[in-house]
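> Quick mapping for you: the protein sequence lines, in order, are chains A, B, C and D.
Take the first sequence: its letter number 110 is residue 110 in this note's numbering, and every next letter is one higher.
Take the second sequence: its letter number 200 is residue 200 in this note's numbering, and every next letter is one higher.
Take the third sequence: its letter number 221 is residue 221 in this note's numbering, and every next letter is one higher.
Take the fourth sequence: its letter number 350 is residue 350 in this note's numbering, and every next letter is one higher.
Calculated directly from the structure, the hints in this document are not laboratory data.
Careful, some of the hints might be misleading.
A pair counts as met if it fits within one copy or between any two copies, since identical chains are not told apart.
As a list, the in silico SDA-like pairs of lysine to any residue whose alpha-carbon atoms are at most 20 Å apart [to be verified]:
| hint | residue 1 | residue 2 |
| --- | --- | --- |
| 1 | Lys28 | Arg60 |
| 2 | Lys229 | Trp170 |
| 3 | Lys28 | Gln212 |
| 4 | Lys28 | Arg59 |
| 5 | Lys28 | Trp317 |
| 6 | Lys229 | His335 |
| 7 | Lys271 | Ser338 |
| 8 | Lys271 | Pro174 |
| 9 | Lys28 | Ser338 |
| 10 | Lys271 | Pro177 |
| 11 | Lys229 | Arg181 |
| 12 | Lys28 | Ile222 |
| 13 | Lys229 | Pro177 |
| 14 | Lys28 | Trp315 |
| 15 | Lys28 | Gly324 |
| 16 | Lys229 | Gln212 |
| 17 | Lys271 | Trp170 |
| 18 | Lys28 | Glu56 |
| 19 | Lys28 | Gly62 |
| 20 | Lys28 | Arg126 |
Here the structure is a predicted model, which is why all the values come from computation and not from measurement.
There are 4 protein chains.
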Amino acid sequence: MAAAPVEPIGVGLLGYAFMGKAHSNAYKTLSYMAHPPPYAPQLVALAGRDEAAVAEAARRYGFAGYVTDWRALVADDRVQLFDNSGPNNLHAEPSIAAARAGKHVICEKPLGRNADESYEAWREVRAAGVKHMCAFNYRFVPAVRLARQMIEGGELGDLFHFRARYLQEWITDPEFPMVWRLSAAAAGSGALGDLGAHAIDLARYLTGQEVQAVSALTQTFIEERQGEKVDVDDAFAAAVSFSGGVVGTLEASRFCPGRKNALLFELNGAKGSIAFDLERLNELRVHLPGSHPGAAAQGFREVLVTEADHPFVQWWWPPGHTLGWEHTFVHEVHHLLSAIRDDTDVAPHGATFEDGYRCAEVCDAILRSARGGRREEGRDRQA
Amino acid sequence: MAAAPVEPIGVGLLGYAFMGKAHSNAYKTLSYMAHPPPYAPQLVALAGRDEAAVAEAARRYGFAGYVTDWRALVADDRVQLFDNSGPNNLHAEPSIAAARAGKHVICEKPLGRNADESYEAWREVRAAGVKHMCAFNYRFVPAVRLARQMIEGGELGDLFHFRARYLQEWITDPEFPMVWRLSAAAAGSGALGDLGAHAIDLARYLTGQEVQAVSALTQTFIEERQGEKVDVDDAFAAAVSFSGGVVGTLEASRFCPGRKNALLFELNGAKGSIAFDLERLNELRVHLPGSHPGAAAQGFREVLVTEADHPFVQWWWPPGHTLGWEHTFVHEVHHLLSAIRDDTDVAPHGATFEDGYRCAEVCDAILRSARGGRREEGRDRQA
Amino acid sequence: MAAAPVEPIGVGLLGYAFMGKAHSNAYKTLSYMAHPPPYAPQLVALAGRDEAAVAEAARRYGFAGYVTDWRALVADDRVQLFDNSGPNNLHAEPSIAAARAGKHVICEKPLGRNADESYEAWREVRAAGVKHMCAFNYRFVPAVRLARQMIEGGELGDLFHFRARYLQEWITDPEFPMVWRLSAAAAGSGALGDLGAHAIDLARYLTGQEVQAVSALTQTFIEERQGEKVDVDDAFAAAVSFSGGVVGTLEASRFCPGRKNALLFELNGAKGSIAFDLERLNELRVHLPGSHPGAAAQGFREVLVTEADHPFVQWWWPPGHTLGWEHTFVHEVHHLLSAIRDDTDVAPHGATFEDGYRCAEVCDAILRSARGGRREEGRDRQA
Amino acid sequence: MAAAPVEPIGVGLLGYAFMGKAHSNAYKTLSYMAHPPPYAPQLVALAGRDEAAVAEAARRYGFAGYVTDWRALVADDRVQLFDNSGPNNLHAEPSIAAARAGKHVICEKPLGRNADESYEAWREVRAAGVKHMCAFNYRFVPAVRLARQMIEGGELGDLFHFRARYLQEWITDPEFPMVWRLSAAAAGSGALGDLGAHAIDLARYLTGQEVQAVSALTQTFIEERQGEKVDVDDAFAAAVSFSGGVVGTLEASRFCPGRKNALLFELNGAKGSIAFDLERLNELRVHLPGSHPGAAAQGFREVLVTEADHPFVQWWWPPGHTLGWEHTFVHEVHHLLSAIRDDTDVAPHGATFEDGYRCAEVCDAILRSARGGRREEGRDRQA
């Protein structure tokens, strides 16, 4: 197969919690599963503030070293790709610094705590001329990618509706402690930026249209935890219209018992419909009535997206052998490394910092609409 | 069982199309299935404008006679219950006339074409002192009634969310003809009054809260059919807050391929969640985590609502022997006849003209919000 | 529409319990729903042993009279159709007597308590020259009929597999009382004749093949109830081969908690597959991969069998307005009355006494195989 | 966390196709995901006959070397664990040789091509005193393990039924080529050993009972491919009874269009039921009626087996972040390495060579029953 040797690429990673673990696994798995990989990732160093913990994590995931200040990663010449898996308030500044230092950047979502911060990040990385990716990993679910392919191929016809809701249950209990995700200073917003951002990004990616206007509300059900004020939304809901005429709803909440990680969306077009539930990540529900065969037997198909010709599946297993949530990161990192190697655009299939910024504009518009009671439009700043 | 003989009640029915057929079937089935019935319905006369057609329908459904002017029903002393299954523009006037003539009234939804018309109808029937029902038949789905019982019983705890969408596909085709449901003069509104009204009524019924504010949009995808202007909404979407703190979304559309008659709702509360899909009318999905048994095996239960102790089921079949859509009307009419016989309130389980009116206020608020781009509240007029 | 007047047909019904209620409802509903009906059923008399109860039931369902000895029905000249909804040990003798008296006969399943009794019933009614039907009502589920149409039309290609299981839960509790269905003298067999017979009939109907050989076992989990011996099977399981090469399994049990009335079957053919669950009576799951549209999105379709061109649906409601279990009886009786009026065959879509007999041969073979430990073939007696 | 350094263990792997890839991935992932691992696997050498291919695979998966004769693995002192992922006809001999050489052995299923071969393998590895595992990886699906825990804990009560079917579609097409899995000399049997073996192993594992008697049939639908005779079964079906009174069915087929990798099982007990479908690997369906909460709302729960306290989940992601098929191998290898490190039994949660042998006895009994038409019992040889 691969006659040419695979070049190495040095990776510096900020963060070793949930996202850091998922990204580490992706770099390690990539090399032998998506074989030959675009680059052979070299895990140069891991950054974190707690020295004992970051040292242990570096050992665990196989990083050559660790640092307790992300600036050391930025300054490290061995690092060619800066992976920002830190908390939201550490997204913009380190990403910008890394790009200025000439490193390619992948940053977890949301890109910033608000549209201004996100815009600044986009403007800077773009000016630096590096490759940049905002890690909206659900674009890399095989079922989601298949949906996009079908929509792009015109199989749904003109689109009428997009509706999505991202529902979780984890803070329903009033005794659940105060964490950084419940603080505006650290997180920017609540369910909106954490969950809603994914739904907004998929809305843009799947319809190929920009969100034009939102009529929204937010709610904080439990306003104090452990004596601290919760100053972010527990949930939001919005009626939404898109630039190409699509209308629908967007919603997110962390107060939905029984919903563990339910990112649900549905698209309706003139020729058919598509629906998805992240809790059944390997499945896509597709309705495409047609003349033959089975003209009298139409209905939503339960498509198990594990066929050899389905997106990303060629790297993995035979039909019916399902993938998990973590695999989305392998696909995502593979996409970024390919773009770096071939100097191609990360867009449209990978989300760029521009996508991260445009999503943040929608989030801000939702917050403005919720506060002011008016329909709001996102701004359209250019880099 | 029934020692006392069952009294007759004379029924006059306006309309013999879809709804007239469903109501006729309910009166006929009621007598021997919900045995003994509160009254034995006597099908006195059927009203419709096309004499040949109404005569044939009267023969088919076993009405003693027919009339071509609904005023003749109102004037007929044998009629004690006036059943208005006519089109929306014939809801208010005949219902008011019948009530003034001392007849009990059941009227199909939406009660009027707008809140003013609906308010007038409510005010009048209330003043007449007769029993009045707005035929929101989905309150009489066993699964929906079970949901209400559980919520009332506190099994879900404090409610956080209600979200509903009512999706159909029948006018997706641009060649679908112009019909009265697509004209504002005849129907008042489009998907909103036809489908959305059901969702709004269930929102009020299930949460026990009033809709407080809506932020909405509407859309008409195909603006002309057969040379005539479609001046109603093809779809609407709204972010909604309720008087008791619940937030959520409401949505309806007739442009959703593959969705035949999908009225879907979900409620999330502090102790659990409930979900429903009208296309699976016999099922309720219920999540109620608890300590025992199966503490480690929690998730949405697929409840087949056909047990002997489930609402309405005692009249029908053993567990697992499912009911259909039409049975909701049998339950509904039974409820009304019981209220007449016992002089009890139609509310809270049956929808009254007040419920029809309050639903219409929400519909009007949605239209105002869609037009003006502002959050709107429904008015709270008293009879 | 119907210029010609509809002729009456006199119906005498034996039994007023579960099945009697379902049949009564069918005769009453038929007339105005499947309009115009083949005949207008006249409910002449109801037969039952408990005079007070049968009198009350006759009043409830609108029979003109009642009798306490079924022989009086047989002797009644006004009765042209004898409907046998009695217990299994009253299937053969009254059905034969009625046929000899020149009445058409519909008899509940199983036709007899064993193959000999069933054979005798078939031979006699056939000799009498009347129309005869064994009430395998699941042939009249719209989804089941659609499955048959697709198979007959070659849409599944050559068949490989048929597998069915009919699972209920109602005698899992050891405290459940001794009832006639648990006694061989009254019922013939247990889950086999009660539930398995339905599965066997559908196997024959859907594959169009005879069951050729069975390798089976039976089990009685609770051998005594209220001091009486349970001498029928609580469950059976069989590996089965068919005359045309299909292979599969058949199974029934009343010891499956959570399974209320789960008759599940699946067919696999060279071109596709079909699956069904009676608890979701309005749905058929259909897999028919094809080239277009959606070639990359293949999977089982959830077909809501409520379209106007689906079997039986034209009599009822618009798409998405579901039917219930009881509607199968309306379709079944309509089929029989049409066959009587037009002097056409009840077969192949209606089950005849021959079908009842052939099913009984399979049941007997299963019992022989369970007892003797050998593969058994059903006999092939001719009338 | 881990104060003690993790010891290395040398792994020699036979086979680099489907199973070899899955096992390689498991060794690599294990180290940092199930952290700290029982041993740090050192990938010593990979064995395969095609030198170019095995060399490439060794490079890809990170093996230090490769060999073209498995005997070289057996002779290699650095190898402490021999992993046999070769085809069925290479299961017994190399496994025995490795055990004799003092290496622990894990061997893919089926253990041998028949019971005799499997018995010999068991006897030999047992005599060698090494740890041995037969790679029935579905015991390591979190949902399956949860089912076992619940059954062991008595949550289902006494068991009545186990039924399983393993359905795939991949040789439905007559043009599908002749492969080793369709030849008795290479594979032993067809769907029986490949798919049925998994079902049989889960039957034994979940019920805790031995298969006592089988009444079975087999079928080969397409008897020749590319001019070669297919001399294994395309499908089998069996009625089965177990040593503790459970009865049910077992079935497997590769002729089921739309079924990609559908291993479905259901257990019914006195207190509840459990069902599973491998195509929805993260879910377990559990029915456990109880008094509270939601006493009126009972039904199968859709349990997403991703909670922190569910089996194996602590190594992975937060609730709702699903796993894939490949993760079962990580759990399996972790279990084996723990048993080696701690010198504990591989049984009961890991399948041993004894389990491989007992499964093979059931397979042989099924073939005998299919050929001879009699109920057959498996032999019960002791090592």
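> Could you run down the list of hints and mark each one as holding or not?
Results for each hint:
no. : hint            : result
1   : Lys28 / Arg60   : both (12 Å within a copy, 12 Å between copies)
2   : Lys229 / Trp170 : within (18 Å within a copy, 49 Å between copies)
3   : Lys28 / Gln212  : neither (40 Å within a copy, 47 Å between copies)
4   : Lys28 / Arg59   : both (14 Å within a copy, 15 Å between copies)
5   : Lys28 / Trp317  : both (18 Å within a copy, 17 Å between copies)
6   : Lys229 / His335 : neither (40 Å within a copy, 45 Å between copies)
7   : Lys271 / Ser338 : neither (34 Å within a copy, 40 Å between copies)
8   : Lys271 / Pro174 : between (46 Å within a copy, 12 Å between copies)
9   : Lys28 / Ser338  : within (16 Å within a copy, 23 Å between copies)
10  : Lys271 / Pro177 : between (47 Å within a copy, 18 Å between copies)
11  : Lys229 / Arg181 : within (12 Å within a copy, 50 Å between copies)
12  : Lys28 / Ile222  : neither (40 Å within a copy, 44 Å between copies)
13  : Lys229 / Pro177 : within (11 Å within a copy, 57 Å between copies)
14  : Lys28 / Trp315  : both (14 Å within a copy, 17 Å between copies)
15  : Lys28 / Gly324  : both (16 Å within a copy, 17 Å between copies)
16  : Lys229 / Gln212 : neither (33 Å within a copy, 26 Å between copies)
17  : Lys271 / Trp170 : between (38 Å within a copy, 13 Å between copies)
18  : Lys28 / Glu56   : both (17 Å within a copy, 18 Å between copies)
19  : Lys28 / Gly62   : both (9 Å within a copy, 12 Å between copies)
20  : Lys28 / Arg126  : neither (28 Å within a copy, 37 Å between copies)
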